[in-house]
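*Asks:* Turn these sequences into a full structure, and let the hints guide you.
There are 2 protein chains.
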Amino acid sequence: MATNPDVTKPASPEEQDKFLNDVFQMCMQRAVQASRDRNTPLVNFKKPEELKKLLNFELQGTGESHTNLLALCDKVFDYSVLSGHPYFFNQQIGGLDSYGYAGNLITDALTTNGHTYEIAPVFTMTEFAVLEHMLKLVGFHNGEGTFCPGGSYCGMLAMNVARLQKYPDSKSKGLYGLPRLVTFCSEQAHYSAEKNSTLLGLGTDNCWKVKCDNRGKMIPEEFEKRVIQCKNEGAVPIMVVATAGTTVLGAFDPFHEIADICSRHDIWMHIDAAWGGAALLSQKYKHLCDGVNRADSLAWNPHKMMMAPIQCSVLLLKEKDLLNRCHSINVPYLFQNDKPYDTKYDLSRNLVQCGRSCDALKLWLMWKAKGDSGFESQVNQALAKAEYLTEQIRKRSDFRLVIPEPEYTNVSFWYIPPSMAGKEENADYFKQLASIVPTIKLRMQLSGKLLVGYSPVGDYPTFFRMIVLNDKVNFEDMDHVLNEIERNGRDL
Amino acid sequence: MATNPDVTKPASPEEQDKFLNDVFQMCMQRAVQASRDRNTPLVNFKKPEELKKLLNFELQGTGESHTNLLALCDKVFDYSVLSGHPYFFNQQIGGLDSYGYAGNLITDALTTNGHTYEIAPVFTMTEFAVLEHMLKLVGFHNGEGTFCPGGSYCGMLAMNVARLQKYPDSKSKGLYGLPRLVTFCSEQAHYSAEKNSTLLGLGTDNCWKVKCDNRGKMIPEEFEKRVIQCKNEGAVPIMVVATAGTTVLGAFDPFHEIADICSRHDIWMHIDAAWGGAALLSQKYKHLCDGVNRADSLAWNPHKMMMAPIQCSVLLLKEKDLLNRCHSINVPYLFQNDKPYDTKYDLSRNLVQCGRSCDALKLWLMWKAKGDSGFESQVNQALAKAEYLTEQIRKRSDFRLVIPEPEYTNVSFWYIPPSMAGKEENADYFKQLASIVPTIKLRMQLSGKLLVGYSPVGDYPTFFRMIVLNDKVNFEDMDHVLNEIERNGRDL
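Protein chains in written order, with the working numbering: chain R, 5 to 496; chain A, 5 to 496.
To be clear, the hints were calculated from the coordinates, so they are not data collected in a lab.
Incorrect hints may have been included.
Any copy will do: because identical chains look the same in the list, a pair fits if it lies in one copy or spans two.
In the PhoX-like style, the derived pairs of lysine-lysine whose C-alpha atoms are separated by at most 25 Å in a straight line are [to be verified]: (1) K177 <-> K213; (2) K324 <-> K170; (3) K57 <-> K140; (4) K79 <-> K221; (5) K56 <-> K140; (6) K56 <-> K453; (7) K22 <-> K476.
*Replies:* Structure, rendered in structure tokens:
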């Protein structure tokens, strides 16, 4: 693409506004509206090398005209994935919520740093309001919280707080002279527990995996056994990461039993509810989270089941002031005490981050728009569709559930092609079932018609893992998924 | 505000689109266009308690109508800070760049997770393109990089990589059995070095501050002395954080001398160029960064001087594959090797983050729009305005520079009210000068006409610290700043 030789002077304000309007209208048509139309392909998949030829990514010495820029933007839409499309079931994101998008429009227009009240007063207050509401839902009645850039980051802060609670001196002295500290999580927990162990200087070897039952739930007796083993080795158990809604199977750990063990052994209980926290919004399903109020900290990603635009992650703590105690380092250029307001509102005082994006407003606006009841119906509907899908799989002889009774909206299953019907179900059989999953997925991906994730987990070889969250998805879409898999797999 | 009783069914797609259009037009008027008008107040400042009365932040059981939501959005604009306003000089952000905003419109519309190529193909490729271009500018010719949620996070990853380079086993074993590890930074470095030391289990006591000269630059001889002291104590120096553009004074450390010391003592050299990296875009000013190519890693925040919307932070590393070696933990549900593309494009393989927002596209679009030359002229213009401001301060007898020759766009100064003119310049005199700064700032803030940050640093008591970056700012605005300070301070 040639650079436009007449782009020597910057565009006028009016030209820039027109450009912004054009881009916004393009967003409306090519994302907001397009992702409502089931006939729009959800992706025109190209490999990296192909994409490089179709879209000139290279940066150059001189700028492009608005005409050329709009053509580039158009291509961005041509080859991106419509994660808001009703046939996107690949990960725990999607849905393109209008109120969330509206919130982002405002946050981006007022682009600011969420570190001090002074330059982000409204954003700060929306953060407080949302946190307060979520703390109530979790049952942390005198707690505090913060928005974080992602669920892994929430877990990292929680691990740091857990450690500094046990060994306050380690804030200044580090780990030197301390015994070996051990953290625990289930073998099906999110991999961030391990990553965070390395980051915090504990090491992955000191992140101990606890066995799960066949539904993917941590076995409490196994947890306590491991805690005792840890102590016998002279190491100190500091924290367990329990999970509300595991990534693959959507399992909820037995929180009450885990909490009992934690109090017996003085262990910090963190719950990774990044995915499953949303169950708390539903009277019908909040029992899945029974016992979360007994945790010391909990991470919840509204950018997952609640359909907030990415990034929108929250860490909640049962006790107040821990964040400040663990992270505060006063710097006079930023955190002055001679401000005309209570400086507890300068949120980065309590955080490792200094500069941070204002992620609360979009969630706040969504909550204002929907109310608790809107979110409740969203969660109930998602679960109802997952239950319908489960029912359909049970009815079809060429599909087979991995977990007979899924707890959440993760529905895991294999497709059995006609060539394998009635065969003996031995190890080879499952290996073969597993091997055809990526092929079917790729065919669907290349057709642009459906994206469904897959994974192995524990002893189960690779299977399809459906994720339902998008409120534009209906029951027929569940049938569509099974039909498409059938259509793409029946010759295998 | 009463909830609207007729909001019982969700809005139709058409109603939602209208709402989005209305919000966007509000953003255009109340942020994009308003921040071009010098007569618009940049903030209508209210304390938290006042704000709570003016805007109903509380979340409720049921949703609000679009009419009510739009009224709420309007109030968000009423009480937010226009960081894009030409009179916003409070922090190293601002400017509200049209192309950056356009990029965000697209990223938000296609909201996705930047962890795998599969669901973020175009975003991934823009990330590669921007990183490649920035690596070239820094002089890391065979390097790699990643976008991070903020500059502190970049420094955290760099510290982790530095440690794991020195002690690869610590990835699995943690710090146990290792000697005490020490990091260094100047006493005027960003406070994230200390925060990251705690986070990584090293402890703030093991983040050693090196003395600065009176321009705020690290003194290399002092650095080497401290390194030798560290070794004599039996500790291991692992990393230095040098700074390109310190937060308060905008000082650039002597990179060549620091690099020499690092190679003599086998120390990882990280440069925090969050603020000053942009100097590399200018032929005229890139000399400020002489020697940055000798670092092992460098952090650069395009959301600062380059005016990219927050968050937009980049970590660059001189050597390839370190990120993967330090952070990879393969999880089969996410990082399958049976993908139809080279899986090096699944970026979260190399990161601690799993879910992450796609921050590259907006910067890529800005770069496409402006080219290198556009950014160069932006930097040159900002420096020219800062130089003009410096000149005006020199000419006015009631102002006094803190640093006689500022290197970057941070201009630090005191205002001398008539009551203090000609007084003896002893410690009391400076204490008094410092004491009036917050008063003047508050008056200007309450008038909504000007936001200028202030800070003490090193031996210098509190002074005004002007930051210039917004390309809508002109030379007259520099005069306006001095006039406003004069006007608000002459009775003190």
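*Asks:* Between copies, within a copy, both or neither: which fits K56 and K140 at Cα up to 25 Å?
*Replies:* The answer is between: 19 Å across copies meets 25 Å, while 49 Å in one copy does not.
*Asks:* Within a copy, between copies, both or neither: which one fits K56 and K453 at a CA-CA cutoff of 25 Å?
*Replies:* within (23 Å within a copy, 47 Å between copies)
*Asks:* Given a CA cutoff of 25 Å, do K79 and K221 count as a within-copy pair, a between-copy pair, both, or neither?
*Replies:* For K79 and K221, the Cα distance exceeds 25 Å both inside one copy (44 Å) and across copies (46 Å).
*Asks:* Are the CA atoms of K22 and K476 at most 25 Å apart within a copy, between copies, both, or neither?
*Replies:* Between copies only: 18 Å across chains, 31 Å inside a chain, cut-off 25 Å.
*Asks:* Is it within a copy, between copies, both, or neither that the alpha carbon of K57 lies no farther than 25 Å from that of K140?
*Replies:* Only across copies: K57 and K140 sit 22 Å apart there, 52 Å inside one copy, limit 25 Å.
*Asks:* Could you figure out if K177 and K213 sit no more than 25 Å apart (CA to CA) within one copy, between two copies, both or neither?
*Replies:* between (28 Å within a copy, 15 Å between copies)
*Asks:* Could you figure out if K324 and K170 sit no more than 25 Å apart (CA to CA) within one copy, between two copies, both or neither?
*Replies:* For K324 and K170, only the intra-copy Cα distance (16 Å) is at most 25 Å; the inter-copy one is 38 Å.
Violated hint for the displayed structure: number 4, the only one.
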